[in-house]
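2 protein chains.
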Amino acid sequence: MSLSNNTIERICRIYGYLEYLEKNNIEYASSKEFAGIVGTTDYSVRKDISSLGLTGFSRRGYAVKLLKDQLGEKLKLSRTIKTCIVGLGKLGTAILDYESFRDDGFNMVAGFDSSINKIERIHTPIEVFPVGQLEDIVKQRSIELGIIAVPPVAAQDIADKLIKGGVKGILNFSPVRIAVPEEIVLHNMDFTAALRFVAARF
Amino acid sequence: MSLSNNTIERICRIYGYLEYLEKNNIEYASSKEFAGIVGTTDYSVRKDISSLGLTGFSRRGYAVKLLKDQLGEKLKLSRTIKTCIVGLGKLGTAILDYESFRDDGFNMVAGFDSSINKIERIHTPIEVFPVGQLEDIVKQRSIELGIIAVPPVAAQDIADKLIKGGVKGILNFSPVRIAVPEEIVLHNMDFTAALRFVAARF
DNA sequence: TTAGTTTAGTGAAAATATTCACTAAATAAT
DNA sequence: ATTATTTAGTGAATATTTTCACTAAACTAA
Numbered sequence: 001m002s003l004s005n006n007t008i009e010r011i012c013r014i015y016g017y018l019e020y021l022e023k024n025n026i027e028y029a030s031s032k033e034f035a036g037i038v039g040t041t042d043y044s045v046r047k048d049i050s051s052l053g054l055t056g057f058s059r060r061g062y063a064v065k066l067l068k069d070q071l072g073e074k075l076k077l078s079r080t081i082k083t084c085i086v087g088l089g090k091l092g093t094a095i096l097d098y099e100s101f102r103d104d105g106f107n108m109v110a111g112f113d114s115s116i117n118k119i120e121r122i123h124t125p126i127e128v129f130p131v132g133q134l135e136d137i138v139k140q141r142s143i144e145l146g147i148i149a150v151p152p153v154a155a156q157d158i159a160d161k162l163i164k165g166g167v168k169g170i171l172n173f174s175p176v177r178i179a180v181p182e183e184i185v186l187h188n189m190d191f192t193a194a195l196r197f198v199a200a201r202f
Numbered sequence: 001m002s003l004s005n006n007t008i009e010r011i012c013r014i015y016g017y018l019e020y021l022e023k024n025n026i027e028y029a030s031s032k033e034f035a036g037i038v039g040t041t042d043y044s045v046r047k048d049i050s051s052l053g054l055t056g057f058s059r060r061g062y063a064v065k066l067l068k069d070q071l072g073e074k075l076k077l078s079r080t081i082k083t084c085i086v087g088l089g090k091l092g093t094a095i096l097d098y099e100s101f102r103d104d105g106f107n108m109v110a111g112f113d114s115s116i117n118k119i120e121r122i123h124t125p126i127e128v129f130p131v132g133q134l135e136d137i138v139k140q141r142s143i144e145l146g147i148i149a150v151p152p153v154a155a156q157d158i159a160d161k162l163i164k165g166g167v168k169g170i171l172n173f174s175p176v177r178i179a180v181p182e183e184i185v186l187h188n189m190d191f192t193a194a195l196r197f198v199a200a201r202f
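Residue numbers (my numbering), protein chains in the order written: chain L, 1 to 202; chain V, 1 to 202.
Heads up, some of the hints might be wrong.
A pair holds if it fits inside one copy or across any two, identical chains being indistinguishable in the list.
Lysine-lysine pairs mimicking DSSO-like chemistry, simulated, CA-CA at most 27 Å apart [to be verified]:
#: 1; residue 1: K23; residue 2: K90
#: 2; residue 1: K65; residue 2: K76
#: 3; residue 1: K90; residue 2: K118
#: 4; residue 1: K139; residue 2: K118
#: 5; residue 1: K47; residue 2: K65
#: 6; residue 1: K74; residue 2: K47
If you're looking for bench data, these hints aren't it; they were derived computationally from the structure.
With the hints as extra help, turn the sequences into a complete structure.
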């Protein structure tokens, strides 16, 4: 029962929508509605959900709260995931401030930067450290997920340190390829590639 | 000869890598090397490139400069694409400042925000306007691509205005679903969904 | 020259993902 | 009650994508 990346991606987006529905006290939603949200068909949505062994209700659709909890359980999203960010430039601080992460099950427990000045100047409730302490803090605090928002030249080195510290996954905002061992989950968010992906389909 | 989204996405990432190689005066690169960069196989890379009618050289690989130019031509990435950003909060200004866009063929020609205060305070070489002028400026300046970095509640309204102004594509950083007509290219960059996508695969 | 190596190109096979067509359940309407 | 409608569940068909297996070209080394 291994899930395809496509399925996981769709489920993650549906999960976000379920949170929204739950907040608005909506109790049921149909596969068709989800399909609209993630840009696919109702068949696919039902296949995705059923591939996780989860079910809905005839003529009512899926129970929002129940499905959210079950998906969270299945995808290990219900627990809070300790996260850190490396690189406190504009993008890094923007992400650091992205208030909804905590609601969304990600607990930002540390920030890192190579500039002591920047660390001193920064104004955030999250503890910030010089990058020299990265590996230790990641270990001490059992941080599972690292976000990289450093300049391209530093990205690989930071990734190596995060991995040595023991993170299981990396979200990479720098526009360069990072090499990671097989067991580490890597996902790239390359703004320029994204803009090109849009422009190429005009 | 319609290209799949997967192919386009891979090609966009290869294109970025070709720019890097070109800057470093590297003349040839193999399908295997590209495969490493985009996380696929050499077969797939060759299929992708050949599906665009482009070819490499036996025993040498692909000619960096030539391939970059040809891909740029095929995917319409070689011309400069006029772009604007809406929402000048932390994330918006971080993106606005992302210096490499210009190099990468995207010309940021305007920024918009709903807060007059923010517009007055902001310090950037890019012209900024109140959001009331969005549609007009987009029309006047023939802006083709709009980046949305506004709070969720405003996202759909901004998208509608961008589309009325005549953009062909939208890159949406807000974590909500936006409805757009078929002919408009939409791509979402949802940070929370991305974090979940990583965590779900731990 | 010849043999060996590297790398692209590509049709065919295999794997994967999506869509379809149908069933069943629940509810509403008449 | 009965019929119609909506919506999930799912095996099968279809479509798509990826991988494989092989060929050809270009170059190197002996």
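Here's how the hints hold up against the structure:
Within a single copy, K23 and K90 get their C-alpha atoms only as close as 31 Å, which misses the 27 Å cut-off; across copies the closest is 25 Å, which meets it. For the homomeric pair K65 and K76, the shortest alpha-carbon distance inside one copy (16 Å) is at most 27 Å, but the shortest distance between copies (45 Å) is not. For the identical chains of this complex, K90 and K118 are neighbours both inside a copy (11 Å) and across copies (16 Å), given an alpha-carbon limit of 27 Å. For the identical chains of this complex, K139 and K118 are intra-copy neighbours only, at 23 Å inside a copy versus 40 Å across copies, given an alpha-carbon limit of 27 Å.
Taking CA atoms no more than 27 Å apart as the test, K47 paired with K65 passes inside one copy only; the shortest distance there is 19 Å, against 44 Å between copies. When the C-alpha separation of K74 and K47 is checked against a cutoff of 27 Å, the pair qualifies only within one copy, where the shortest distance is 15 Å, while the shortest distance between copies is 36 Å.
The structure meets every hint from the earlier list without exception.
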